[in-house]
Amino acid sequence: MLVTYIEAIRQAMDEEMDRDKNVVLLGEDVGLLGGAFKVSAGLLDKYGPDRVVDMPISESLIIGSGVGLAVQGMRPILEMQFIDFISCGFDQIVNSAATLRYRHGGQTACPIVIRGPSGGGVHGGLYHSQNPEAWFFHVPGLKIVAPSTAYDAKGLMKAAVRDDDPVIYFENKFLYRRIKEEIPPEEFVVPIGKAALRKEGGDLSVITYGSPVHAVMKAARDMAKEVDIEVIDLRTLLPLDMNAIRASVRKTGKALIVHEARQTGGIGAEIAARIAQECFEDLDGPVMRLGAREAHTPFAPAMEDYVLPNQEKIIEAIRTLAAY
Amino acid sequence: MLVTYIEAIRQAMDEEMDRDKNVVLLGEDVGLLGGAFKVSAGLLDKYGPDRVVDMPISESLIIGSGVGLAVQGMRPILEMQFIDFISCGFDQIVNSAATLRYRHGGQTACPIVIRGPSGGGVHGGLYHSQNPEAWFFHVPGLKIVAPSTAYDAKGLMKAAVRDDDPVIYFENKFLYRRIKEEIPPEEFVVPIGKAALRKEGGDLSVITYGSPVHAVMKAARDMAKEVDIEVIDLRTLLPLDMNAIRASVRKTGKALIVHEARQTGGIGAEIAARIAQECFEDLDGPVMRLGAREAHTPFAPAMEDYVLPNQEKIIEAIRTLAAY
Amino acid sequence: MTEQKDRELYYWLRLIREFEDRISAMDKQGKLMGGVYSGKGQEAVTVGFCHDLRWDDWIFPLHRDLGAFLVKGADPRRLMAQIFGKRDGFAKGKDSYLHGGDLGNGIFGATSMLAATLPVAAGMAFKFKIRKEDRVAIAFFGEGASSRGDVHEAMNFAGVHKLPVVFVCENNFYAYSTPNELQFGVDNVADRAAGYGFKGEVVNGNDLHAVMATARKAIDRARKGEGPTLVECKTYRYHGHSEHDRADYRTEEEVITWESRDPMILWEVYLEKKKYDVEAIRNETAERVRKAVDDAVAFAEGSPAPEGPEAMEDLYAMPIDTEAR
Amino acid sequence: MTEQKDRELYYWLRLIREFEDRISAMDKQGKLMGGVYSGKGQEAVTVGFCHDLRWDDWIFPLHRDLGAFLVKGADPRRLMAQIFGKRDGFAKGKDSYLHGGDLGNGIFGATSMLAATLPVAAGMAFKFKIRKEDRVAIAFFGEGASSRGDVHEAMNFAGVHKLPVVFVCENNFYAYSTPNELQFGVDNVADRAAGYGFKGEVVNGNDLHAVMATARKAIDRARKGEGPTLVECKTYRYHGHSEHDRADYRTEEEVITWESRDPMILWEVYLEKKKYDVEAIRNETAERVRKAVDDAVAFAEGSPAPEGPEAMEDLYAMPIDTEAR
Ligand SMILES: Cc1ncc(C[n+]2csc(CCOP(=O)(O)OP(=O)(O)O)c2C)c(N)n1
Ligand SMILES: Cc1ncc(C[n+]2csc(CCOP(=O)(O)OP(=O)(O)O)c2C)c(N)n1
Ligand SMILES: [Mg+2]
Ligand SMILES: [Mg+2]
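Residue numbers (my numbering), protein chains in the order written: chain R, 38 to 361; chain W, 38 to 361; chain G, 418 to 742; chain C, 418 to 742.
Hint data in this document are derived by calculation from the structure and do not stem from the laboratory.
Please read all numbers here as calculations on a predicted model, not as lab measurements.
Take the hints with a grain of salt, since some may be wrong.
Stated by the list, open to error - If you want the footprint, here are the derived chain C segments under chain R, 3+ residues with CB under 8 Å: (1) 449 to 457; (2) 725 to 733.
Unchecked claim - Ranges between beta-carbon positions, derived for each pair: (3) Gly-642/G with Asp-473/C: 48 to 56 Å; (4) Gly-642/G with Asp-201/W: 54 to 62 Å; (5) Pro-222/R with Asp-201/W: 56 to 64 Å; (6) Glu-696/C with Gly-642/G: 57 to 65 Å; (7) Gly-110/W with Arg-633/C: 23 to 31 Å; (8) Arg-214/W with Val-672/G: 45 to 53 Å; (9) Phe-225/W with Asp-201/R: 49 to 57 Å; (10) Gly-85/R with Glu-425/G: 40 to 48 Å; (11) Glu-718/C with Asp-321/R: 47 to 55 Å; (12) Gln-348/R with Lys-448/C: 22 to 30 Å; (13) Gly-85/W with His-661/C: 50 to 58 Å.
Don't be surprised by glycine CBs; every beta carbon is placed ideally from N, CA and C.
Taking the hints into account, I'd like the entire structure generated from these sequences.
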C-alpha cells in the first residue's frame, strides 16, 4: 500500500477506532471538516459525533476532558490544530495528565494521545512552526514520539493509542504529503521506546528524529565516499532508547545529534550529555549538535532557512566532526 | 545590614518601586496579605492599590496584562503565588511575551519580571516543589535568573526590574528564611548574565545554582583535604555565562553540574553538552550531572529526599568524578 | 425525611467537623507536614451534595472538601493516612491532603491548580452522556477559582452538550485574603450560568435542607439529560486559608456572625423542632465520631512511611525500560 | 453626519474591500506565502469601531481584521510589505499577516493563539485607568475564540476594575468549520457580559450605522470610567476560513443571503437616500482605492526581503552577550 505520512496517521486512527470503541477523537474541526489538514477525513461519517467530536476552541478543556474520559476507560486522541497551541493546554498536560497516576498511587492509568502538526519549513511563521517537544521531555509520566516515516507514523499511532500512559505524538507537517511510502497491508505496531537504525556505518553516528531524518539520510548517501555514517532515527523521544545510542557511539566513536527544535535546551542536549558521560572513553571527537539557532522560527524564507537546520548545515556539521 | 533571602527580595522591590513609579506589582494576595510568604509585606500601604494589585486567580491574565502594561512603558512585576502555577500562564509567557519584540520587528521592549517561589525540600508535594526553569530556557526572548544568596536576590531583582526584556526570576522558597546575610546598605545591582565564582579550586569544577549552591559549598569545604573544588554559581541561567564555565573547566579539566530540577532535560544537560563539545580537549573525566531523579517531587520525606539531590549525593558525585 | 436520615446527616456533619478539628489540633502540635486547609464551617455543602449520590457517580472535590471524601465513601483511615503522607493513603504518600483521590469510590484527586478539575469533570460527564449512563459528575470549586479560564472552558463545553455535570461554587467570600469584590464584578458567580445556556442557583450553603433540595434538583436534571447546573453556595470558612494563616484580613464580628449560622447548630435546631432527644443524639454522635477519628488517627500513625525508592513507582502504567535509559 | 464623513466612511469600506480582494487574487496566483484570512464581508465592524478612535487609543485586532489596521492609521504600504514578509513590514519579515502590529499607531500585533490579546488589552486598560488617561482599548475576537479561558480571565478582571476596554466579538457564525451551536450553548456571546458586571450588546455587524452608534456608546462609557462593554457584531465572512478553505460546511444559499446584506452595498443605499451622486462617488472611490492598493503592492514588491542573519535581530531589547554563550 503506497501511502503518505498523513494518510498513515489517518489509517492508524481509523483502524484503532474500528478495533476499540473506547477510542474517541476530540479536537477543533476534526469532524465536519475532517481536520485542518484532513487527517481525520471521513471519520465523523464512520464513527459519528459521539466519537469524533468537534470541540470549542479550548485547548485546556480538550486535554482536561481527555483526562476525564481516560479515567473512565476511554482512550481519547486529542488533536491540537497546530501543535503550537499546546501551550494553551500546558497545565493540563504537565500537571493534570502527567501526575494523574502518580498522585493516585497507581490507581488509574491515563491512556490519552495528544497529537498535532509540528515543525517548520513551510513558512508558517512564529506560531505555526514550533517544535516544543523539549518542554515535555522534562516531565516524568509522559511519553513522546515523533515519527519520520509513514510506516512509523502508522505504527507509532497504534502503539500510542494502545499505550496506557499519556503519549504526545508529534506529527511533522512538512512531511505530511511530501513522503509516500509502501507499507504492509496487514496490521503492525511500532513499539514505543525503540529507535530505528536507518543506516549502518562505521565512522560517525548521526542521531536524529522527525523531518531532519530525511536530510541526514541524503547526506549519508551523498557523502558515502567521504565518510561512513550510521543513522539512528529515535522515533521515540521519551523514553530515549539509550541502548541503541550507546551501541552506535561505542562503535563509531563520534556522535552528531540533529533536530529541528532549537539547539539550546533541546532534547539533543540531554542526548549529548548522556553520551559525553556514558561513552566518555569511546569518543574520538566531541559530541556535536545541530539544532535551530537561538531565535523563534521566522516567516521570511531566508530567515527561516537561516534559523532551521538544512541539508547544507547537516553536511557541514558531519564534515567538521568527521575531520576531527 | 543583616537580611534574609526573602527580605532581600522585598527590599529590592520596595526600592525599585520607590525609584520608578512605573514599577507595579501584580499577583494574588500581594496587597492586603502582603503575599503568601509576606514577600511584599507593607508595599500596599506604601504604594497603594494602583501599584500593588491583588489580582483574581488568573495566571494567564496576570502575565498577559503585564505585557499590556509593558507596552505602555510600565515595568510590572508579576507574582506567581507558587512558581508551579506558571503552567497556567504558560502561553502568555512563551508566545505573547517572549515574541512581543520579535514579532513587532523591534518596535517595543517587554520589561516584565515574572517571579515566585520555586523548589522543594519543604514537603510541598507535587505542586509546591517544582523547578520549571528548563521549560523557559528553551525559549528565545526570555531571560532567567535564580539567585542563591540574599545579596544576589536583591541585586538580581533590581537588575530584572530594570531589564527591558522579560525576566523570569526563580526564588527559592527553601532559602527564604534559612539564610541570613550581611549586605551593603548602599544601592547595588547584580548584572544579568554573569556567574559568580564562589570558590576557587584546581581539581574539579562544580557548576550549580539555586539552593544546591549551599550544599555544594559545604561539600567543597568539608572535602577540602580530599579535593580542591571550584564552585561556580550561575545566578543567571539564560543567557548562560559560558565564559565563566569554560574558563573554569579548562583549568580543572573536570565538571560536575548540580541542580535541583529533574536531571533529564534540565539546564544541566545543555551545560554538559556545551562543555563536552567546547572543552573536549580539556576534559580529564566525563562531564557529570546531578539533578533530581526522574519522578515528580513527592510529599513523603523519604521519597522527597530520594528524588532530590542532597548533601550526600553531592559528595558522592564529587568523589566519583574526582577519582576518575 | 426519616428520623434515621435526620440522624445520619447529623452524623456526617459532626464526623467532618471532628475530622477537621483533629487535623487542626495535630497541625498545631507539629504532627503534620505541608499545607492544611480546613473546611470547618462549610460542612453542609459537601454533605448536601454528596449524601444522596450513587456509588458510581463522581465527585471532584476542592482543596477544602475533605468532607466530600468522607461522605462519598472514602475510608476515613486511608484519608487520614494520606494526610500523614503514609503508604496507606490513596496517593501512597506521593502527595498529601486531597491530591490523591479514591477512584474506587468515584472521588477524583485534584492537582493544586485551582479549577483544573472542571475540564476533567466535563470530560467524564461527556462519557456518561455518550454511553447513555445516568450518572453525574459534581465539580466543586471556590469562588476564587471561578476566575480561572478552565472554569469557562469547562462550563462552555458542558453547555454545548448539556452534560450531566453539576458545578458547585463554594463561595466563602475569600480566596486566601482576596475578598469577592476584588475577585469579580458581580454579586453571584451563579449569574454566569446564563451565559452558558444552563441554570444557575444561589443557595445558603450553611443550610443543609436548602443545599440538599437544590442539589437534588440539579442532580435530577443532570441524570435526566437536561444539562448542567451551576449552584453557588454562600458559606464561610472559620479558619484561615491554611492553618498558617491568621486571617487578619477579616473582622472578628464577621467570623462571629457566620459562626451563628453554623450548619451543625442549625441542624440541631431542626432536630429539636422535630422533638428528638437532641442531647442524647449529640452525645451519642460525639462519641461515635470521636471513635471513628481516633481509629483513623491510630491507623494513620501505624501506617508505614513510604521508603525512598517508592518514589519511582506509579509513574507509568506501562513501565518504561529504565535499563535502556 | 456630514457629507465628507459619509464619503470617508465609504472610502474605508472600499479600501479594505479592495485590499482584501487584491490579497486573495495574489494568493491565488501563488504570490503569497503562509495563511491568508480574508475579512471580506466584515468591513463594517472594523470601520465602525476604529474610525472615530483617537490616535492614542489602542486596538487589538483579530486575524481577520486587516481593516482595523488600515482605519486605525497603519500605512497600507507597510501592511502590504508585511503580508509579503518583507523588511518594511511592521514585523520586518519576522512574521506575516497581522502578527506584527503598528505600535506607533496603537495597533497591537497578535500571536496566533486566539484571544491571547484580551488579557493584554485588559492590562493596558488598567494602565489607562491608574494613570487617569481617558484612552480606550478595543479588543476584537471571534465567536470561536470566545471559548478560550483567556477571554474569561480578561473580562472578569475588566469587570472588577471597570476598565476602559471594549470587547468586540465578531460573530461570523463559523470558527473555521465549527458552527455556533457546537461552539456555545447560548444564542449571544454578549449575554456573558452580565456575568462580569458590565453591559453586553448585540448589533448587526453589517450595518455601519448601527455599529458606529453602538461603538460610540461603548467607547464613551469606557472613556468616562463607566467600565467595559461587550459588543457582539453579527456578521459573515464571504471567503473560507483561509484562502485554502473551500468552506463546504455551509450552503450557497447562506452565503448569498449574507451577500445581500453587504455592508458596502448597504452604505451605497444610504448614500443614495441622501441624494448624493452615488455613481460618481463609486467610480471616484474605486479609482482612489485601486491606486492606494497598487501603490501598496508596488511598495511591497520593491521592499527588500530580509536576509538570513536578520533572524537574530529584535530578540532582546538589551542584547545578550552572544560571544559569552
Ligand atoms: C492556579 C492556581 N493559582 C493560585 C493558587 C494558590 N491558591 C491556593 S488556594 C487559593 C485561594 C482559593 O480561593 P477559593 O477558590 O475561593 O477557595 P477557598 O480556599 O476559599 O475555599 C489560592 C490563590 C492555586 N492553588 N492555583
Ligand atoms: C488557541 C488557538 N487554537 C486554535 C487555533 C486555530 N484556529 C485559527 S482561526 C480558528 C477559528 C477562529 O474562529 P473565530 O474565533 O470565530 O474567528 P473567525 O476566523 O471566524 O474570524 C482556529 C480554530 C488558534 N489560532 N488558536
Ligand atoms: Mg473562597
Ligand atoms: Mg468566527
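We went through each hint and held it up to the structure:
1. 449 to 457: With 3 residues close enough to chain R, the hint holds.
2. 725 to 733: It holds: at least three residues are needed, and the stretch 725 to 733 of chain C offers 6 whose Cβ sits within less than 8 Å of chain R.
3. Gly-642/G with Asp-473/C: 48 to 56 Å: With a Cβ separation near 53 Å, Gly-642/G and Asp-473/C satisfy 48 to 56 Å, so the hint holds.
4. Gly-642/G with Asp-201/W: 54 to 62 Å: holds, 56 Å
5. Pro-222/R with Asp-201/W: 56 to 64 Å: Holds, at about 59 Å.
6. Glu-696/C with Gly-642/G: 57 to 65 Å: holds, 59 Å
7. Gly-110/W with Arg-633/C: 23 to 31 Å: For Arg-633/C against Gly-110/W, whose Cβ atoms are near 29 Å apart, the range 23 to 31 Å holds.
8. Arg-214/W with Val-672/G: 45 to 53 Å: 29 Å Cβ-Cβ, so the 45 to 53 Å window is violated.
9. Phe-225/W with Asp-201/R: 49 to 57 Å: holds, 54 Å
10. Gly-85/R with Glu-425/G: 40 to 48 Å: holds, 44 Å
11. Glu-718/C with Asp-321/R: 47 to 55 Å: holds, 52 Å
12. Gln-348/R with Lys-448/C: 22 to 30 Å: For Lys-448/C against Gln-348/R, whose Cβ atoms are near 26 Å apart, the range 22 to 30 Å holds.
13. Gly-85/W with His-661/C: 50 to 58 Å: For His-661/C against Gly-85/W, whose Cβ atoms are near 52 Å apart, the range 50 to 58 Å holds.
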